[in-house]
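Chemist: So you can see what is in the structure, the chains are spelled out below.
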Amino acid sequence: MRFALDDDALEVSAAVASFLTKECPPELVQAAFNAGGQGPADDLARSLGEMGVLGMLAPAGAGGAGLSMVAAAAVLAEAGRAAAPLPLTETIALAVPLLASAGDPTGILERVALDDERVAVAPCGVAPGASRAGWFLVGPDPVLYRRDEVTLERLDSVDRTRDLATVTPAGPGIVLEGRGPGMVERGAAAAAATLLGLGRGMLDQTVAYVKDRQQFGRPIGSFQAVKHRLADALLLLELAAPPVWAAAHALDTASPDLPRAASLAKAMASDAATATARAALQAHGAMGYTDQHPLHLWLKRTWCLAASHGTARWHRDRIAAALQL
Amino acid sequence: MNVVVCVKQIPDPANPGKLTSETHTIVRDGKLILDDSDAYGVEMALQLVDAAGGGEVTLVSMAPHSETSGLRTALAMGAAKAILVSDDALAGSDALSTAKVLAAAIKRAEPDLVIAATESTDGYTGTTPVQVAEVLGWPSISFAKKVAVADGTVKVDRQTETGYDSVEVSLPALVTVTAGVVEPRYPSFKGIMAAKGKPVEELKVTDLGLEPGQVGAAGARQEVVSVEPAEARKAGEIVVDEGDGYEKIVAFLEQIKVI
Chain R
1 MRFALDDDAL EVSAAVASFL TKECPPELVQ AAFNAGGQGP ADDLARSLGE MGVLGMLAPA
61 GAGGAGLSMV AAAAVLAEAG RAAAPLPLTE TIALAVPLLA SAGDPTGILE RVALDDERVA
121 VAPCGVAPGA SRAGWFLVGP DPVLYRRDEV TLERLDSVDR TRDLATVTPA GPGIVLEGRG
181 PGMVERGAAA AAATLLGLGR GMLDQTVAYV KDRQQFGRPI GSFQAVKHRL ADALLLLELA
241 APPVWAAAHA LDTASPDLPR AASLAKAMAS DAATATARAA LQAHGAMGYT DQHPLHLWLK
301 RTWCLAASHG TARWHRDRIA AALQL
Chain E
1 MNVVVCVKQI PDPANPGKLT SETHTIVRDG KLILDDSDAY GVEMALQLVD AAGGGEVTLV
61 SMAPHSETSG LRTALAMGAA KAILVSDDAL AGSDALSTAK VLAAAIKRAE PDLVIAATES
121 TDGYTGTTPV QVAEVLGWPS ISFAKKVAVA DGTVKVDRQT ETGYDSVEVS LPALVTVTAG
181 VVEPRYPSFK GIMAAKGKPV EELKVTDLGL EPGQVGAAGA RQEVVSVEPA EARKAGEIVV
241 DEGDGYEKIV AFLEQIKVI
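If you read the sequences in order, they're chains R and E. The working numbering puts the last residue of the first sequence at 325; the count rises by one with no breaks. The working numbering puts the last residue of the second sequence at 259; the count rises by one with no breaks.
So that you can see chain R by itself, here it is in the shape it has in the complex (with noise of 0.2 Å):
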């Protein structure tokens, strides 16, 4: 089995990367942060809707690029790393396949890959990015449903990029069928690929504050106590690293190890950027604890997207059962 990263998946991310750097900056995290995930987010939709990136999972023929789960997963990475104060992992990695899969059964797929139609998706009744979306896909086993046929309640998240709401169904819905494997597997290979970006981020940004920041006439980065725990997050990112990438490739081949691998990939990266975040709001003498550091947008949005799509506990529990342990 080959999961690394193909050169499809090395030159979308790569491309993804170079838009980020520039149009995503952390100055428009922050002031989505203060837009409460809207303004300068809702800008960035539509330039990576017309990038293809929103719509990668679809098929050529309704708006996609055709590309794989991998592929999604390098791109969700760099969305991670970048902070990208929007809901990329449900749009990319649920919402678009799932309506794929089952035939875009209300004719809505073009318009989400292009940003004109938003989809919320809620698997355990709770979605970001609610305020925005026509559409909203609630459930495990996902029912569509119109805005109009949804009750919503505003819910506060300590990242407020996150737009989060509760959804409650009080209309029939449309069953999507056919549509592959569950929300469960796509949401936790997704979440898991986010988070590692996050990490990846964090430590990157990390890395640049302790060469910089002097202390006792030296940098900081040179004290072994800040680089040992620099290391360690490091080693936990590159080995949450392969599980991300097999959990993307057992989605794309539709593998019986498809729960397991999902299962290990977000209980190792949610660990792992969860470590990061720690060890990075402490080298950096704990600013990023308030709004006044960028820091504290990646802290967050690592801290929600841990305890989303199932906990780094609950999956090594389900990885335990389907041990038989």
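Treat the hints as calculated values from the structure; they're not laboratory data. Here the structure is a predicted model, which means the values were calculated and not measured. Zero decoy hints are in this set.
Just a few of them, taken from the derived set where beta-carbon distance is under 8 Å, the chain R residues facing chain E:
| # | residue |
| --- | --- |
| 1 | Glu11 |
| 2 | Val12 |
| 3 | Ala15 |
| 4 | Phe19 |
| 5 | Glu50 |
| 6 | Met51 |
| 7 | Gly52 |
| 8 | Val53 |
| 9 | Met56 |
| 10 | Ala65 |
| 11 | Leu67 |
Here are some chain E residues the structure puts well away from chain R; computed CB gaps all over 12 Å:
| # | residue |
| --- | --- |
| 12 | Lys81 |
| 13 | Ser140 |
| 14 | Ser142 |
| 15 | Lys146 |
| 16 | Ala150 |
| 17 | Thr178 |
| 18 | Glu242 |
| 19 | Phe252 |
Listed next, the in silico SDA-like pairs over lysine to any residue satisfying Cα-Cα at most 20 Å (straight line):
| # | chain 1 | residue 1 | chain 2 | residue 2 |
| --- | --- | --- | --- | --- |
| 20 | E | Lys190 | R | Asp6 |
| 21 | E | Lys190 | R | Leu10 |
| 22 | E | Lys190 | R | Arg46 |
Just so you know, even glycine gets a beta-carbon here, dropped at the ideal spot from N, CA and C.
Using the hints provided, position chain E relative to the given structure of chain R.
Modeler: Just chain E now, kept in the frame of chain R:
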């Protein structure tokens, strides 16, 4: 209308560049990328072809080791095809040899217009494009900040120190564009996937009717004798404000005759 864009594939400027110890030429061993300054030319060419309502954009590049990574980026933006000249005999070429090679490759594409950047981000000679035009016997306009094509002529707003000159020449011609002439598009995923199937014609020096002795180190009329590090910028003067900071600022501005 057919447009050729000269694109250079260069070592990633994010990494520190290296020179060979003997010939002082740029080391180009690793993966090469599209020179950022060429993205403006590619975008300009795509817009001109669009405006003309037909034709295509062809890339012409000279690079070692059959390198196509940078070409793929420009093909993903929308260029139709590429001509790559890659030959060991080209190592150590000076600007004029490079111009002869590019001119010969450009002729094959029979363009109405050639676009290049004003200079490359690695070599910075800034002389190759006009030499290409001279070898082709075509007129050239450098430093374009606005380009329009109509009725067999190209009209250019040419950047000057004080403003711009309006210049018009008949086609075929060569124009070098500044960064900012247009905003380059990001390659779309469809473009990236389509670029894989676009033709890249790879040529050797002899395919272009040139002799290996005319190009590369053998044909170079220019030699880099030595290389010195640029003089470090002097540190600024730090003035401690003891309530009279504004007076010192005024004095400084008077000294440099700003006020």
